[in-house]
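Following my numbering, the numbering of the sequence shown begins with 899 at its first residue and continues without gaps.
FYI, nobody ran anything at the bench for these hints, they're computed from the structure. We put the CB at the ideal spot given by N, CA and C, even for glycine. It is possible that some hints are incorrect.
Stated by the list, open to error - Listed next, the in silico DMTMM-like pairs over lysine to aspartate or glutamate satisfying Cα-Cα at most 20 Å (straight line): (1) 1048 x 1037; (2) 1187 x 1205; (3) 1041 x 1051; (4) 1040 x 1051.
As the list claims (entries may be wrong) - Distance ranges between label pairs, derived from CB positions: (5) 1160 x 971: 48 to 54 Å; (6) 1042 x 929: 19 to 25 Å; (7) 1099 x 1186: 35 to 41 Å.
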Amino acid sequence: MATFGHTLLLVKESEFWTRASYYNLNQLIFQTFLVYFIAGLKKTNLDWIGGYSMEKLGYHWVFDGFRIFLTDDQITYFVVHLGGFLLDLTVGFFMLMEFSRPYAFLFCGMFNLMNSRMFAIGMFPYVMIAVMPIFCASDWPKKVLIKLPKLRELIMYDSAPGRSEDSIYTEQEVQPEEQQNDSSDKKSFATTKTLPLTNVRFRHKLTAILFCLYFCLQGFLPYSHSLTKGYNTWTQGLYGYSWDMMVNNWRYVHTTVTVVDKNTSQHFHLDPEAWTRSHRWTHHADMVKQFAHCIQERMAEIHNLKDIELYIDVWLSLNRRFTQR
């Protein structure tokens, strides 16, 4: 991972351009690395390693290429479960190392593209693909723009970047690169040789401390379920959300909704799909409560039943286990 220093900010401003601190880049690298690594750690769950979490995922068309030499059940176990576990756990390290980065980019890109087809997770896989270049050396935009002189003329300045107010270096020795052979190349980049640290202030130390605390917090949150234990149904995650990375998978079996008129003691059986086609609410206790309030409002509005009791009986199977209420 890049050390604390400076990297060129290739953004053209109205009057000047300066260097951006390396900790901004490191924060993005760490945050992206953590997404994969924590997902890998969560997949050490025995249900995932045993191949019980994603029961039917191997039947998806994105795995058609594997069907030449593997069955659907083998794809589900070896590719989805074991392959997903190993990729999440190691791809962050491979993207940090230069010799393995191209191969890691290939597998990581394919992994995210396949996820975009298998799951309705919005922009997430595309964002993860877009941020992969941050694992490259900080001067990779410079190397790209050297080969694109026309584009470079539009976004670059002739002069070297100015010194940032947040810099911890007193001065920098700037040396121009060798001129390119291409006669159309009118602008040259500058390389910098950084001198030793001599200007470390309190705010620099405070920034470093805050970033360390931020990194610790990001590592703690996925394992903070003990603070909210019992409020997230069957998953060990934060309330309303779980970091289990699809380790827990529910198979919907049956739901019975019974409405009791407290004034007449009459019982009514309500179709659970009367006002929603989704069964997602059956998986989360807080959503069941929201659904109950919806039923209460509808029964009062449509049937003039204002004093009711509601009984909801949900049957689900967790990771191929026997059906539970």
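Exercise. Which hints from the list above does the structure break, by number from lowest to highest?
Worked result: 7
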